[in-house]
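In the order they appear, the protein sequences are chains S and Y. Residues 14 to 125 in my numbering are what the first sequence lists, from first letter to last. Residues 191 to 303 in my numbering are what the second sequence lists, from first letter to last.
Simulated from the structure, these hints should not be mistaken for laboratory data. Fair warning: there could be bad hints in the mix.
Stated by the list, open to error - Mimicking EDC-like on lysine to aspartate or glutamate, the simulated pairs with C-alpha atoms at most 20 Å apart in a straight line are:
| id | chain 1 | residue 1 | chain 2 | residue 2 |
| --- | --- | --- | --- | --- |
| 1 | Y | Lys268 | Y | Asp246 |
| 2 | S | Lys81 | S | Glu107 |
| 3 | S | Lys70 | S | Asp92 |
| 4 | Y | Lys207 | Y | Glu273 |
| 5 | S | Lys120 | Y | Glu234 |
| 6 | S | Lys81 | S | Asp44 |
| 7 | S | Lys55 | Y | Asp214 |
| 8 | Y | Lys205 | Y | Glu261 |
| 9 | S | Lys84 | S | Glu107 |
| 10 | S | Lys18 | Y | Glu204 |
| 11 | S | Lys71 | S | Glu39 |
| 12 | S | Lys55 | Y | Glu234 |
Unchecked claim - Have a look at the derived ranges for each label pair, beta carbon to beta carbon:
| id | chain 1 | residue 1 | chain 2 | residue 2 | range |
| --- | --- | --- | --- | --- | --- |
| 13 | Y | Gly206 | S | Asp66 | 50 to 60 Å |
| 14 | S | Ser82 | Y | Glu204 | 52 to 62 Å |
| 15 | Y | Glu210 | S | Glu39 | 31 to 41 Å |
None of these values were measured; they are calculated from a predicted model. Virtual Cβ for every residue (Gly too), placed ideally from N, Cα, C.
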Amino acid sequence: QQQVKQSPQSLIVQKGGISIINCAYENTAFDYFPWYQQFPGKGPALLIAIRPDVSEKKEGRFTISFNKSAKQFSLHIMDSQPGDSATYFCAAKEDSNYQLIWGAGTKLIIKP
Amino acid sequence: GAGVSQTPSNKVTEKGKYVELRCDPISGHTALYWYRQSLGQGPEFLIYFQGTGAADDSGLPNDRFFAVRPEGSVSTLKIQRTERGDSAVYLCASSLQQGQTQYFGPGTRLLVL
Numbered sequence: 014q015q016q017v018k019q020s021p022q023s024l025i026v027q028k029g030g031i032s033i034i035n036c037a038y039e040n041t042a043f044d045y046f047p048w049y050q051q052f053p054g055k056g057p058a059l060l061i062a063i064r065p066d067v068s069e070k071k072e073g074r075f076t077i078s079f080n081k082s083a084k085q086f087s088l089h090i091m092d093s094q095p096g097d098s099a100t101y102f103c104a105a106k107e108d109s110n111y112q113l114i115w116g117a118g119t120k121l122i123i124k125p
Numbered sequence: 191g192a193g194v195s196q197t198p199s200n201k202v203t204e205k206g207k208y209v210e211l212r213c214d215p216i217s218g219h220t221a222l223y224w225y226r227q228s229l230g231q232g233p234e235f236l237i238y239f240q241g242t243g244a245a246d247d248s249g250l251p252n253d254r255f256f257a258v259r260p261e262g263s264v265s266t267l268k269i270q271r272t273e274r275g276d277s278a279v280y281l282c283a284s285s286l287q288q289g290q291t292q293y294f295g296p297g298t299r300l301l302v303l
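Here chain S stands alone, though its shape is the one from the complex (with noise of 0.2 Å):
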């Protein structure tokens, strides 16, 4: 019940494009969403977060859409470059909690 699955492992886009990552939850009691960023070499950098009282949060390019009856949420990148590529981890957690509940991320790349 703990667990975050995040889907797809890898994903390749052609540079302008829409890239999705998707992820899904099992406890209810999770009310914190938050998308971190990582390049090789560096340590994970939030990205953006979604709280589960709105649908849809937008911060530039950057997009996460919540669906809280089917526990799911996914992160939208608009016109994708190839700055973007990098690997993008889901988490959730409880607000008052610290413990952030990780998925197992998704490697982007951006084509040129």
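Fit chain Y to the given chain S structure using the hints.
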């Protein structure tokens, strides 16, 4: 400092040796976390400090692993009698308080030969 820093960035050691990995959190952050990340995986929680005390060490895999944070800022992760299976990237993160956004360091890449 500007962000979380970790030293060394890379560490190669032989099986059976002792290693220490250091984490300097963001100044003023009271919460500090250690994670381990294997290739192609998400970070795996090891231990969480609130101030000087280890509030949760349930993620430490066995008693060869130990961590300290004696003055509530810098933390050291200590691994005794290293094994090849300990090879991974060890990540440190800090947050202003428990439950708030975690900011990660670049990690220490540990290779046990």
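Going straight from one Cα to the other, do Y/Lys268 and Y/Asp246 come out at no more than 20 Å? 16 Å, holds
Is the hinted pair S/Lys120 and Y/Glu234 satisfied, with a Cα-Cα distance of at most 20 Å? 18 Å, holds
Is S/Lys70 within 20 Å of S/Asp92, Cα to Cα? 17 Å, holds
S/Lys81 and S/Asp44: Cα distance at most 20 Å? OK: S/Lys81 and S/Asp44 at ~10 Å, within 20 Å.
Below or equal to 20 Å on CA atoms is what counts here, so check Y/Lys207 against Y/Glu273. Distance ~8 Å between Y/Lys207 and Y/Glu273 Cα, so the pair holds.
Pair hint outcome, Y/Lys205 versus Y/Glu261 [Cα-Cα no greater than 20 Å]: Violated, at roughly 31 Å.
Starting from the range 50 to 60 Å, see whether the pair Y/Gly206 and S/Asp66 falls in it by beta-carbon distance. 52 Å, holds
Is the hinted pair S/Lys81 and S/Glu107 satisfied, with a Cα-Cα distance of at most 20 Å? 14 Å, holds
Given the hint of 52 to 62 Å, check if S/Ser82 and Y/Glu204 actually sit that far apart at their C-beta atoms. The hint (52 to 62 Å, Cβ to Cβ) holds, given that S/Ser82 and Y/Glu204 are roughly 53 Å apart.
Lying within 31 to 41 Å: is that true of the beta-carbon distance Y/Glu210 to S/Glu39? The hinted range 31 to 41 Å holds for Y/Glu210 and S/Glu39, with Cβ atoms some 38 Å apart.
Does S/Glu39 lie within 20 Å of S/Lys71 when you go C-alpha to C-alpha? 24 Å, violated
For the pair we were handed, S/Lys84 and S/Glu107, check the Cα-Cα distance against 20 Å. 14 Å, holds
When the structure is compared with the earlier hints, violations turn up for hints 8, 10 and 11 and for no others.
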